[in-house]
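Dock the two chains into a complex; use the hints.
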Amino acid sequence: MSLNYDLPDDAVMMRNTVREFAEGEIRPVAMELDQKAEFSPELTKKMGDLGLFGVFLPEKYGGAGLGYIPYIVAVEEISRVDGSQGATVAAHNSLGIGPIYYFGTEEQREKYLPQLTTGEKVWAFGLTEPDAGSDAGGTKTTAVKDGDEWVINGSKIFITNGSTPYSLGCTAQAVTGTRSDGKKEYTCFLVEQGTPGFKAETMHNKMMWRSSITSELYFDDCRVHESAMLGERGEGFHQMLDTLDKGRLSIGAMGLGCAQGALDLALKYTKQRKQFGKYISTFQVNAFKMADMFVEIENARNLLYKATWLYEQGRKEYKLWASMAKLHCSEVAYRCVNHAVQLHGGYGLMEENEVARLYRDQKLLEIGEGTSEILRWVIARRIGCYDV
Amino acid sequence: MNSIVCIKRVPETAEATLKIASDNRRLEEENLVFAINEADNYALEQALLLQEEFGGDITIVSVGPEKTDEIIRMALAKGATSAIRITPTDMAELDPFAVASLIANEVEDLDYDIIFTGCVASDDGFSQVGVTLAEILGIEHISMTIEMEAGEDGATVNRELEGGLMAKYDVKYPAVVTIQTGINEPRYASILGIKRASSKEIRVVDSVDIGGKRVNLEKIYFPPPGKMAEIIEGGPDAVAEKTCEILKSKGLL
Ligand SMILES: Cc1cc2nc3c(=O)[nH]c(=O)nc-3n(C[C@H](O)[C@H](O)[C@H](O)COP(=O)(O)OP(=O)(O)OC[C@H]3O[C@@H](n4cnc5c(N)ncnc54)[C@H](O)[C@@H]3O)c2cc1C
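Chains A and B, in that order, are what the protein sequence lines are.
Numbering-wise (the working numbering), the first sequence opens with residue 764 and increments by one.
Numbering-wise (the working numbering), the second sequence opens with residue -7 and increments by one.
I should point out that these hints are in silico values taken from the structure, not numbers from a laboratory.
One thing to keep in mind: the hints can contain errors.
[What the hints assert, rightly or not] Computed cross-link-like contacts, DSS-like style, restricted to lysine-lysine with a CA-CA straight-line distance of at most 30 Å:
hint, chain 1, residue 1, chain 2, residue 2
1, B, K192, A, K1069
2, B, K219, A, K1031
3, B, K240, A, K1031
4, A, K1037, B, K11
5, B, K234, A, K1031
6, A, K1041, B, K219
7, B, K234, A, K1069
8, A, K1037, B, K219
9, B, K11, A, K1041
10, A, K1037, B, K59
11, B, K192, A, K808
12, A, K823, B, K192
Here the structure is a predicted model, which is why all the values come from computation and not from measurement.
The following block holds chain B by itself, in its conformation from the complex (with noise of 0.2 Å):
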């Protein structure tokens, strides 16, 4: 069983201070950290447990500039087979349907079952470059995947619903399947892993332009400050009394 892997080197955020750019497009990227998003490199996981049970080759996508390469070696030393790295000319003109016409066109002469991508990417959290490709193929597609079980034509998945609930839903390959957070446990890459990883092949595409955007990003900024939160004073009793007071008011008690 063969499966193709979208990954994307995203910043990390979460603790860092953010500096947007000075033509309001992108962040400044001098202090930031990269890795691959999250939510990707539960897709990788899933993929190589699929390796390890059916065999099959694991070809890895991502769309990004030359430092990208970092993170799609970590994939091949995880036991990915091999890479296509594609460079479009300017990332911040790219919006999802760009990059996932640029995947298209690379992988639609692939011989695959599953392609994979991470739920959402931490940087834009568009959601959508995999449902996109699959509409493009002309594949099923299934979002938001939480369990899967794989057999050899098609796969029985889970999402997770609103309120507790589950759905379970069949796929036929080929198909893509989107992953969510938490799905298994990814793995780290072995030692032995990143020696194999150097003789394995990075394809690169270079500087593509980009055909068929239909969103264009105007600016990214920082929202001007909301209301100050309200600070509760007093003892633990009257506090806690406050405290219960606003919680009713709103329903969550």
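This is chain A alone, in the form it adopts within the complex (with noise of 0.2 Å):
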């Protein structure tokens, strides 16, 4: 079989229609969204109804059945008109219903997934901890076993839909005891809000993600039944790292979407301003500008579809890929945001200028799920840098 860079149909199909959901039903309130710091549920509900939660899902828990490449290309359209609405699906998506679908028991997939998909309800994934981010094995969030219930103990922070008034509950990593080769135990649990014990708490004055929803939360003497167990004991940190691999990719498709956002933007913007009687398109500092955005984009674009397209055909190599494609995106990103708002000139300091927001929005792309340094660091030791 030839070499081909044409997207499947279904792909070409997803782009389409979310452009234009994007583009009808996000883009007009995005600016106060963000300036109210406000999650909304009606969105949320609307793109629950569109399909965009489970998207990768089997249609009998409710999902659409399609590949990730599909999926990758929803995260990218809707990012490319906000990152607040494209982390919601994300993080629901990659995180909230991810390890739930990929290790949870068939009741629990019964249990939960269903209602994750229609934008009723969200999942959260919580693994960082106040004292372990990067290093997410010093997590000290316990759980100890009495009789049939595991009682766990600590807290989580910065935890996308932890605390949405629509939050079914979260995903919990914490230290189960100690393996035969002295390293920590780590197992995951299913937490549902309400659960006695457990509270999640909304973070605020974020400076980007505005309308996604961040959290904190505590376990204190938490109490939740051993059929709540993620798969089996002992492979939480497995079942995390596995997690944020695939969830890379999406966060690779935030950055994406974010520097295509940006460069749209700036084309449109200088094609209309006029300086010294000329588009400021056309001096050629600018234009050149652009047609550097335009390559790394395109760059970027290939080696995310490459690394989706890894994960789909099931070879393990995906990972590095996806760990390129997270930080070769999101650095884009921060360019293309960067060389936006100097295109505005002054109204892109503006906060009623889009282009402000994604500026602020690019950020965290380069902090969550594996900072760019890590992210290096993983690069170099599977390139060898190390085995000297």
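What follows is the structure, encoded as structure tokens:
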């Protein structure tokens, strides 16, 4: 078979639909939601009605049964218009729905997934702790067995979708003992909202993703039945890493969408703004900037789609490509929003201009789900830098 | 109730920089974005609403090159049942009569109650395919529909006239109804619909010769620039006064 760069039909349809939806439903409200730092249940429901939650889930759980390429294209198109909604979609699919679907028992899948695909309920993924971010192995939350229950103690921070009024629960990673090789044993638990001892609080005053909810989770002698264990005891660390590997594809898509959104705004503005009697898009320094953005975006897109394709092919090396794609897409987004604001001049610094929001929203992409430094370290290790 | 919806792939020209190809009979397509003709999107929605109310199948018909499949698939994703694409040897050789003849040839043996088309195509602006199709098929038609209430054997439709008037008609099936924009709110294709669309059939009628053309396109061109706009100078009061004067002289005030 020859090399083929055409997207499959379902991904093309996905791009058409989600772009139309994002332009029609998200763009008109994005600025106001951002300014008020408001999570929108109406918009979340609309995204659910469209089918954005559970894109890759089989139909029997309420999903659309599509592959990862259309999913990634959907996240890209939402994020082209608004990072906050992109975050709600990416986090709920990759971090909320993903672990339950990939590692849950059939009973857990049937219990939760159909509720999580309608847009009425979201699920969070609790890994990061106040003292353990990049060093995810340093988490201190514990779970101790007591009869047929587990008692969880500890706290999580920066957890997307953890405390929306529509949060159904979270997946929490906890230390459950010591392995035979002396390392800590981690296990994940599905903790429902309303479980005694579990509290989720919204974190306020974010610079970016202001209409996505980020939460602190507290577990204070929180008891869950042993049937709430995700998969097997001791699989928690592997489950979290695997979730992050796939999640990086969707953060990459957010970076790609953000970069494209920035270029689109820059092109539109510079083709109508005149200085010195000429459209500013025709000054070579500006034109070349946008040409560079275009090239960088196309490169980032190819890298991300290749990583996603490798994943769909079931090839293990996708993990390395996902790390590269996440790193590259978020840094391309960094350069693109920077250029886009510059091209808008003073107007780009005003919050009534969308480009200012993209500029702020971009920054998270170099930090969440593996900072750029951690990703460089992952890549450097994989290419053998430390094998001396 | 079964319906047929005729859709056309057209370039989005509103914000694009247009270039005319060297044969002077078509646009350079390289930098254009194509989409479903706007009025056809409303026609499709009207068929989907009817399907929700009465059940039945929706067949999409489009005359166009292979790339037309992109808009056809979107229609299938929204809920249409199947599709026929007719590929002529050369699109620029087609006139409305030829298009209507090609469509009539494919649909005459189908089992349908209503054929929907958009009331006008945004690229050539003929507004003729729907009504010509009805004439060829020998069935009733109603054009420029802005409201529609469908029953089992016929429909009541409203057309908008000049001067704020409306006109109401009854049509019996089978009929062709051409639809105006604004009659409904076209839906987004759902993501589940996208999944389902991949197993739906697009039957391709390849490279057909065009019979019965009536008019011949000589060339498309940009008209020479007309008289420049009049720039009114002076302070706000003077500008307002002059503007009123002009509007009055044209009978607009
Ligand atoms: C809005 C938002 C949403 C989030 N959503 C979630 C979520 O849903 N679930 C979840 O579990 N987490 C979530 N996170 C947490 C996120 O994944 C972490 O913030 C991220 O992993 C970085 O951890 P940290 O903030 O503790 O920074 P640190 O790990 O303390 O890093 C600080 C700096 O030190 C650098 N650094 C650290 N270690 C090294 C090293 N070995 N070599 C070189 N440099 C190093 C980092 O690159 C960074 O620049 C979210 C964060 C935010 C801000």
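A quick look at each hint next to the structure:
For a cut-off of 30 Å, the pair hint linking K192 of chain B to K1069 of chain A stands: about 28 Å separates their Cα positions. In summary, the hint linking K219 of chain B to K1031 of chain A is supported, as the alpha carbons are separated by about 28 Å, within the 30 Å threshold. Using a Cα cut-off of 30 Å, the hinted pair K240 of chain B and K1031 of chain A is violated, with the two alpha carbons roughly 37 Å apart. Between K1037 of chain A and K11 of chain B the alpha-carbon distance is near 24 Å, which keeps this suggested pair within the 30 Å criterion.
The suggested pairing of K234 of chain B with K1031 of chain A is violated, with an alpha-carbon distance near 34 Å, which exceeds 30 Å. In summary, the hint linking K1041 of chain A to K219 of chain B is supported, as the alpha carbons are separated by about 23 Å, within the 30 Å threshold. At roughly 63 Å between alpha-carbon atoms, K234 of chain B and K1069 of chain A are farther apart than 30 Å, so this suggested pair is violated. Pair hint K1037 of chain A plus K219 of chain B holds up; C-alpha atoms about 24 Å apart against a cutoff of 30 Å.
The hinted pair formed by K11 of chain B and K1041 of chain A meets the criterion: a straight-line CA distance of about 22 Å does not exceed 30 Å. Simply put, K1037 of chain A and K59 of chain B have alpha-carbon atoms about 37 Å apart, too far for the 30 Å limit, and the pair is violated. Between K192 of chain B and K808 of chain A the CA atoms are separated by roughly 28 Å; this keeps the pair inside 30 Å, and the hint holds. Straight-line distance between C-alpha atoms of K823 of chain A and K192 of chain B comes to about 20 Å, which keeps the hinted pair within the 30 Å bound.
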